[in-house]
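Enquirer: These protein sequences, in sequence, are chains A, B, C and D.
So that you can map any letter, position 24 of the first sequence is 24 in the numbering used here, and since no number is skipped, the others follow by simple counting.
So that you can map any letter, position 318 of the second sequence is 685 in the numbering used here, and since no number is skipped, the others follow by simple counting.
So that you can map any letter, position 338 of the third sequence is 1072 in the numbering used here, and since no number is skipped, the others follow by simple counting.
So that you can map any letter, position 86 of the fourth sequence is 1187 in the numbering used here, and since no number is skipped, the others follow by simple counting.
Among the hints, erroneous ones may be present.
Simulated pairs of lysine to any residue, SDA-like, Cα-Cα distance not exceeding 20 Å [stated by the list, open to error]: (1) A/Lys296 to B/Asn570; (2) D/Lys1392 to C/Arg835; (3) D/Lys1436 to C/Asp876.
The set of hints was computed from the structure by calculation and includes no laboratory data.
There are 4 protein chains.
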Amino acid sequence: MRVEKQEVKVGELAAGQALSLPVYRFHGKGKGPSVYIQANVHGAEVQGNAVIYQLMKLLEHYELLGDISLVPLANPLGINQKSGEFTLGRFDPITGVNWNREYLNHSLDIAAWYAAHSELDDDSLVAAFRTELIAACERKLDNVWGVTTGQWLATSLQAMAHRSDIVLDLHTGPKSCKHLYCPEYEREAAQYFSIPYTLFIPNSFGGAMDEAAFVPWWTLAEVAAAHGRELGVRVSALTLELGSQERIDLADALNDAEGILAYLSYRGVIAEKVLPKPMKRFGCLLKDYRKFHAPKAGMVEYVGKVGQPMKAGDVLVNLLRLDLYGTGEELTALKLPEDGVPILHFASASVHQGTELYKVMTKVFAL
Amino acid sequence: MRVEKQEVKVGELAAGQALSLPVYRFHGKGKGPSVYIQANVHGAEVQGNAVIYQLMKLLEHYELLGDISLVPLANPLGINQKSGEFTLGRFDPITGVNWNREYLNHSLDIAAWYAAHSELDDDSLVAAFRTELIAACERKLDNVWGVTTGQWLATSLQAMAHRSDIVLDLHTGPKSCKHLYCPEYEREAAQYFSIPYTLFIPNSFGGAMDEAAFVPWWTLAEVAAAHGRELGVRVSALTLELGSQERIDLADALNDAEGILAYLSYRGVIAEKVLPKPMKRFGCLLKDYRKFHAPKAGMVEYVGKVGQPMKAGDVLVNLLRLDLYGTGEELTALKLPEDGVPILHFASASVHQGTELYKVMTKVFAL
Amino acid sequence: MRVEKQEVKVGELAAGQALSLPVYRFHGKGKGPSVYIQANVHGAEVQGNAVIYQLMKLLEHYELLGDISLVPLANPLGINQKSGEFTLGRFDPITGVNWNREYLNHSLDIAAWYAAHSELDDDSLVAAFRTELIAACERKLDNVWGVTTGQWLATSLQAMAHRSDIVLDLHTGPKSCKHLYCPEYEREAAQYFSIPYTLFIPNSFGGAMDEAAFVPWWTLAEVAAAHGRELGVRVSALTLELGSQERIDLADALNDAEGILAYLSYRGVIAEKVLPKPMKRFGCLLKDYRKFHAPKAGMVEYVGKVGQPMKAGDVLVNLLRLDLYGTGEELTALKLPEDGVPILHFASASVHQGTELYKVMTKVFAL
Amino acid sequence: MRVEKQEVKVGELAAGQALSLPVYRFHGKGKGPSVYIQANVHGAEVQGNAVIYQLMKLLEHYELLGDISLVPLANPLGINQKSGEFTLGRFDPITGVNWNREYLNHSLDIAAWYAAHSELDDDSLVAAFRTELIAACERKLDNVWGVTTGQWLATSLQAMAHRSDIVLDLHTGPKSCKHLYCPEYEREAAQYFSIPYTLFIPNSFGGAMDEAAFVPWWTLAEVAAAHGRELGVRVSALTLELGSQERIDLADALNDAEGILAYLSYRGVIAEKVLPKPMKRFGCLLKDYRKFHAPKAGMVEYVGKVGQPMKAGDVLVNLLRLDLYGTGEELTALKLPEDGVPILHFASASVHQGTELYKVMTKVFAL
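Extracted from the complex, chain A is given alone in its bound form:
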């Protein structure tokens, strides 16, 4: 199999250094869907690179039907941005804008576009729509007033992603169990990855890569369906949250690479049959995903374990306030308001009032 490496320039630092991405392309036989996988758009979320490493090593032993493009280290500016002993890679250090909220929200009037192209057959329609999305990204970047640092990066990535049928964006949580963001139209995808918990998300753009990739196609499918045409959603886009940030674990990365391979097998990207890991899998709707914020400031003992179901009233956090010793308020147990599964918690053990301490799936169901 031929692996091709390309460097794509996505930015330039003040002292003149070019920022470029390594893009690895595994070429398939052209009979399966094409795939785009990126990792590390948030600078501290490094484990996706290890998963791409293990996946590339695995792929050398499989027969590829579709092309696979892999972009590790997808945000060099974010990865390189340290503040103290940690990576401050979640947002642009100048503007505060989350790197995963900079993707282009296509302003295309899809209903009008469909009306103008409805005479095309399915394949031509899909090809024309894809061309339109890529062209919109290119227009965004080619602008006499310029674009922001984050838009340079995100729109460049997005233009690559729009060329593929399957888009996987590899992230992690702060201190987190593995979970998956999956659009509601593709529930079965949640059965293949080595991931126990899945959030099902609606057709709504909030700025992230997965939404940037699927929202136009989902909308197109809806518009076509409203005209009686069963086009289906032609692009799959999922975000994998591969545990905790600031962690490289090569053995665990192999486990997740095998899960991705199972999904690619199911989708016909590789010729071989690869089965998913047997595990219990659970789902939650995005509207039932809750954030628990610190009602008071203090030192935090995280009692709730990520990935383990809890009951309403169970202790989620012990909050320690040494300035209040002797008042009876030096140690407070904060309790979970509803039954749920803590999915991730904050990374630091001391918090201001209002810090998001936990994200919790409620109304969890078996898949």
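Since the structure of chain A is provided, determine the placement of chains B, C and D on it from the hints.
Expert: Then chains B, C and D, alone, in the frame of chain A:
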């Protein structure tokens, strides 16, 4: 005149310190509109405090008809957040969220609310609507899952602001000339402040205090007008950009305090007649306000002067690239794409590709 | 037992908030040595607060012979300083100066001082020397040109510490096993804490609290000995490194509180006999404590386990470089240069060239 | 004249990008002293790059006797490190260590070295000593345990600087007038640069480049003199503080390039006679250079103008405390304790207690 001071708690730091705001209330005779003025929601934008200081000293010599509440130092967490020799006060250092994008976007269905209250007379309608807005803020803060640090602050401020008829939010730019954000429905306000340039903004919520204060009232006026009732927009909300950040200038603060006083005089908040400073004033629609981003990285000489009109093709920036000495690209002049007035520029003299270098008013008109 | 709480002001934030320390004093019967314990001088090193909490709860059940002063949350500015999801609390965010390098280096000429006071009996000599050290701290703070933010804090803490015979400074490493900094003159202390590894440090001032507390006394003992007087070192000062930063673990804190109690029992601060935890304990001289720096940049899998002995040539780190996939340099094993015990490693999983990856004890010996 | 460009690698970022320095070498006829000039070791201090740019353009028109090496953008990691709208380039963002305190403090026993080499003639002695200094830098970098990120950079720069007879390090202050750090042995140098104020510094190593370059040579000269040999200090090293940080001003840079040229002319590096700018020049001993720290927190109006003499008791700063309005402490004038010239002040207009507000030369004398 009685000045009353109140401390309003808006947060708590990890080590236990309470964050509170000083609120100064000047009580009027109850015959004029009430006023709310805050400053320093962005931590580095300190000059508004000096303006409030000068305004309070001035107010001691005037007859107040309406009540005036003044909140300097409105974001203690942002003010105290240093990073190197500057204040990193534009966004929450944990999440990156801009402190001026955390105000509550009322989810109230105003058309339905109007239908349910249309039998009320104007004064009762206004009072009921105000009560509803304040109650929504209180509900937001009283939530079993909690709210973010920024929402604690912003919603607390907003609940105070909703109690007044006039809301002034004092900000600055990075390196900036003075300018005003003014809703389109109140163009004449732009004639009173000691500020030469005004941006006229539409009825759209982007997260800022001025919008949080006027959008519901503007929408209510539109709904009422659609029912044939000329209620008018009952709340004025403006953002004053008082020059550059990281600057305290007491003499200039007096100048701006006098401009505010002229506006308050015009609005009947004080009994005395105070005339605005004579100056040429100019306007621009928000849609014509442009951001110019660095097409390349490098060292920056800011050639365009803020507040001074330029022609398309004039040199805005000299970009120096010492790594390219001898290639002919070591010094590049970046030119203004359209006629306009540079209003502000970036604070640092070295930039990554994509940094917002200037904001420029185009299609400027005299007021 | 009477516990007294005092608030000591150590700073003031830009927006006006006072920064104060809670100081808890447990009064003894005056027959044992006095003790000063502080925690959390580095903002992310929070576990010492939990240890102080558990220790205070334990102390309520013991008979105190000496006074004990406890200062949790000893650096409120550092604790409150977040940058992204972690606490940037190791250095002053404005100057970069390590908070634990700001203590006063006494400029006293101890030989001359001894010559001038040698006629005093031991107790009087000790009392006079203590008075001199405290006075020097007070002079430092009372200075027409002022002192830095860090000196305000450190010198205030130091003046309190100089009043005691035993000084314990509670820290943690980044990702760390427990270890102790112990001056060479008091080797037996290492047998009492719940800590397996001890670094023995010489009579040299590097800016830290333990050194600030013991160096003058050690020097005084040496000067006296040179004059044939066996004064002994009258002050003990140790730094306890209680595992990893950004962690509160109340059960483990109890374990360390019991170790401190065993040391206090041995020193006669409490009347009861408390035995140390049985464990193998090891030592290393400071000169044999090595820092291993990243020879190249990349993603890091930390293979060496903290607290577990390794041989020269064992793999310490896997360094992953996805930009080099296919070159043979995508995965490099970095090896330990000498036999040793990794004591701590860096907190982030991606590093620039030169980042300190591990600290390693070499030439380790059993205690 | 031949200008040669070389790229010197000094680091590597986490995502794999190499950090390299552009080194420009102008070759002289070998009859004059050699020169090394660097700029921008602190990331925000960019103006030195503009001065190097102007100097390189000037040099093309002069006859060079000695070689000149120019290193603009000398700290790419520091230059690229943004935090908010400013460059956080004064210290390593991970460790807090000031980039200008990482140079190698030679541990060479110079008295012993001189004893072992005293039979050499002056030129051979100088050459051997230079070789020894360079070798020590190389040994530092070639170390099985590695060196820190800052040591990689600083020691690489230092090894280059040790090859030259004249070392100029171009810095700026925060908000600053121009001033020069000049070793006491070379007072006449202060007459040539376009700089009014000079600090004369002793033979003491504090970590900076100028000291790293001259301390060994000064010590060697002293050792030789003690043996009755008038070797003189063979290396000149000066630090130029070229006004304020975060500023590029090409016209002013030309002014400073001409001052450097005057010094190079005086030293015989160029054949042509270039006269210094006529200006009054003043000096101050380093021991009389004072730091004024904020005795209280608050908003700061900087009243003292940099470069303008003041009397004891003159107002240096107005400190505004809006939380104290009405108490009589809302506005405090802070006064200069001694006659002096404010040389620089802090960059931010709000400060914590203890922030260094001003540096002031006292006991200033005319040169």
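Enquirer: Are the Cα positions of D/Lys1436 and C/Asp876 separated by 20 Å at most?
Expert: holds, 16 Å
Enquirer: Starting from D/Lys1392, check that the Cα of C/Arg835 is at most 20 Å away, please.
Expert: holds, 19 Å
Enquirer: Check the hint pairing A/Lys296 with B/Asn570 against an upper bound of 20 Å on the C-alpha distance.
Expert: Not satisfied, since the Cα-Cα distance of roughly 36 Å exceeds 20 Å.
Violated hint for the displayed structure: number 1, the only one.
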